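Given the structure of chain A, go ahead and fit chain B onto it with the hints provided.
Quick note, the sequences are listed as chains A and B, same order.
Every number in our numbering is 6 more than the matching position in the first sequence, counting from 1.
Every number in our numbering is 211 more than the matching position in the second sequence, counting from 1.
Since the hints were derived computationally from the structure, they do not count as laboratory data.
Treat the numbers as computed from the prediction; the structure is a model and nothing was measured.
Be aware that a few hints might be false.
Derived DEER-like restraints, expressed as beta-carbon distance ranges [claimed, not checked]:
1) B/283 with A/264: 57 to 65 Å
2) B/259 with A/125: 43 to 51 Å
3) A/264 with B/220: 55 to 63 Å
4) B/272 with A/264: 33 to 41 Å
5) A/208 with B/228: 29 to 37 Å
6) B/302 with A/264: 30 to 38 Å
Chain A is faced by these chain B residues, among others (derived, beta-carbon under 8 Å) [claimed, not checked]:
7) 237
8) 341
9) 344
10) 348
11) 350
12) 355
13) 359
14) 365
15) 371
16) 372
17) 473
We put the CB at the ideal spot given by N, CA and C, even for glycine.
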Amino acid sequence: MPREETDAPEATNSPDTTDVADAAGGASAARPRRPSHWRMLGRDRAAAVGAVIIAVVALVALFGRPAIGDRARRQELDASLRPPSLDDGVYGLLGTDVLGRSMVARLVEATATTLSVAVPAVLCSLAIGSALGLWAGYHGGRRESVAMRVADVILSFPSLLIAVVVLYVFSPSALNLVLILAVTRIPVYLRTARAEAAELRSRLFVDAARTFGTPSRMIIYRHVLPIALPTLLTVATLDFCFVMLTESSLSFLGIGIQPPDVSWGLMVAQGRQYLQTAWWITVLPGLAIVLTTVSATVLAAWARIATDPAQRWRLTLPKRRRPRSAPVPPEMIP
Amino acid sequence: MIPFLRTRILSSAVPLVCVVLGVFFLARMTGNPVDLYLPLSATPEQRAEFSAAHGFDLSIPVQLWNYLTDAAHLDFGTSLRTGRPAGEMVFDAFPVTLQLAGVTMLLAVTGAVLVGSLAAYRPNSPIDRIASLLSMTAASIPDFWFAVMGVLVFGVSLGLLPTSGTIGGPEIWVLPVATLLIRPFGVLVQVVRGSMVTALSAPYVKIARSKGATPRRVVFGHALRNAVTPVLTVAGDLAVGLVNGAVIVETIFGWPGIGKLMIDSILQRDFAVLQAAVLMTAVTIFALNILVDVCHALTDPRVRQAVPA
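Chain B with its partners taken away, still in its complex shape:
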């Protein structure tokens, strides 16, 4: 287990480093923040002073070194926009997105396992066909359009749900979670169905059946355990992709999460916040990938032993 984890952590760390470096350079190519934050009438002295105060006058390698050493101390600089420490802004926004994503993934995986197993139990039955078509549709609906339609139907026409904001009871969660949920759910149902069809036609299922195991035990005890590996992989990828959804959902519903923070900081050339937010996301994705690998190893003993040289 330990050598397995070590290999996985090392290989997952490469993308992390690339992202950290990539965002530093890309952010610096988006334009000079001095032009954006000072009025056109600013004197050269004022501009120089502003640059010096925020460290934009140093050479790029020095800026990079400062960025890396400060990031190691969890100091991400101050936001140009609000004057608050960037790390603090990110840590404020992060739990919002994490809650949203957590609830979504929990619902998506549970729902997909149930629906997918039901569909796979009798391939080509009416239930299977309906589930397949619905899941394909769910996976192909643009999330922003789904959100706007949800607002139109449930917010504007029926007046049942609030159209935006984070203040209120459980009803504020419905539309954002539903919007985030739809794509992962659709994709996962198809994956669960596919791998369950394979698992249910395997010899060990026949044996379990012939020994008189109940259908529920056969599906959830025998088949699901062996079908879960591809589901885990795809669920991990989808969880990474939830950041895409979070940007859209948080923009439409006005949630102060990390997706909205990133969009806003890009639009306003707020380097410090952007770097902190992307770094936070990258670390989370890194941790998520490790978690998926650990789950893999726990469910499939073959993965644990096969450590690539």
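Excised from the complex, chain A in its bound form:
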């Protein structure tokens, strides 16, 4: 996460931060005044593992497809349903499916497809939902209630059902999938952004900007957005899981990604018939989904603490608390 985004809340809340830091100061030893995010990530082992997994998944999605060429679609019928083994090189490592296609190659290709749906969908809903929510929350009044009603309408209906109906109206292409997922998730950001903006609009620095005659568009962009952004990004990380799960469910039901393309959910669906003879076709893509979503969830939980000035000190404590008698370096005493 870029540093600039977290600078603003720290600046506004600096009195709290130092207070809390004082309270924690007795127990903690080596602690820089403003810990870097890498450092805080290193302190939380679960979040560090999650970050590594997400990074690997992203790298596979970016560079995997050129590396495997057409291996994900090349059929070798005499190599059908081979169990995972170490004898057949990299591509046989995780076995083959019923058409003899390498599971390694298919998983790599599915990673790219799954992320190419989930990431744009999350970015779209994040951008639209946040913009609408900040605007509604900042102005309040009628604009606010209209925006909230729209969010209520979308939220009060099960997302899978909207997707099912809409994907039957239009064809279930990847683009339509992105659009429908983005629309169904807009309310989440809209609500969060509105709550943040509604709280911020009465703050002193916003009042000051207004007194100077700053146009409200600029106030939202310059003064409200930077403070709301960490929260929104945390929500987006969490929502990434939800979008991925929905895409998988849709593909599993046969109305998401269509063959010959392949996504994790579709792989689970395709492996279902061979459950008794070839467990790896169903188990592996599911594991890929679980690993990615759990990592993103853990990372989001970490980000929520790391971007919250009142709780950040938790991540700056050393793993094993040193005895209280350990001398505090003089430059650490504020």
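Relative to chain A, chain B alone:
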């Protein structure tokens, strides 16, 4: 209480109306049922006759008017697929889903309150860490994969549980309920834990402790009552989301519930049934939202008084 309810009912009715109208128009965009139900060799007369019999030849506003007036009389037309009244099919399927969802939510809320309170009682203790990690995992497992894995392990390998169907003893409930349960449970544990941590560090808990209240009384008597509001909200949202799960679970385990009915009716362009099923779901969600609001008002007196203008 009454003005509070009136405001809430009015504002919850907007989504209901949108859904009712939305499903009518969306269903009509999915394709012409005449093409689907008559053979390619059908003569234009036969096609016209079929359209007239089912009212597809009328203009869209007239169709909409008929749909609304009939729905007001609980008449949803006949299913193109089976020839049975659509309302009857929906009312047959609805209790199945309702039982499934009811059992699931009951277990999820009870379990989450217990586990979440236990985790929140000592933040950052081993119990808390394990509960947090497990609940995060539970909330992130794709339900269809969980169901397939359950079938693989307990149905195929161990042979303990039936893999599908609704005939049999209590064992047929285990896999469907477990599949539906896992996500709400995971999410709720995190919510309960979060709000209980806040509640347990509040001054009134300190006072209760210093007056010598037992830990159980402090947790369930004092803290839980104040921590329950966000739990209720999230539980309501999750109950709405159970329809998502029901579609998956009923498809995998072959339960004749409303989720499977909806998927089938979309696949076969069975407008009447789809409309009836969606309407039924929307009304249930509407009622559920009202119920959550009433529970809110009952647990938190501040909600009752603060009626937005």
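Which of the numbered hints are not met once you compare them with the structure shown?
Of the numbered hints, 1, 3, 8, 14, 15 and 16 do not hold.
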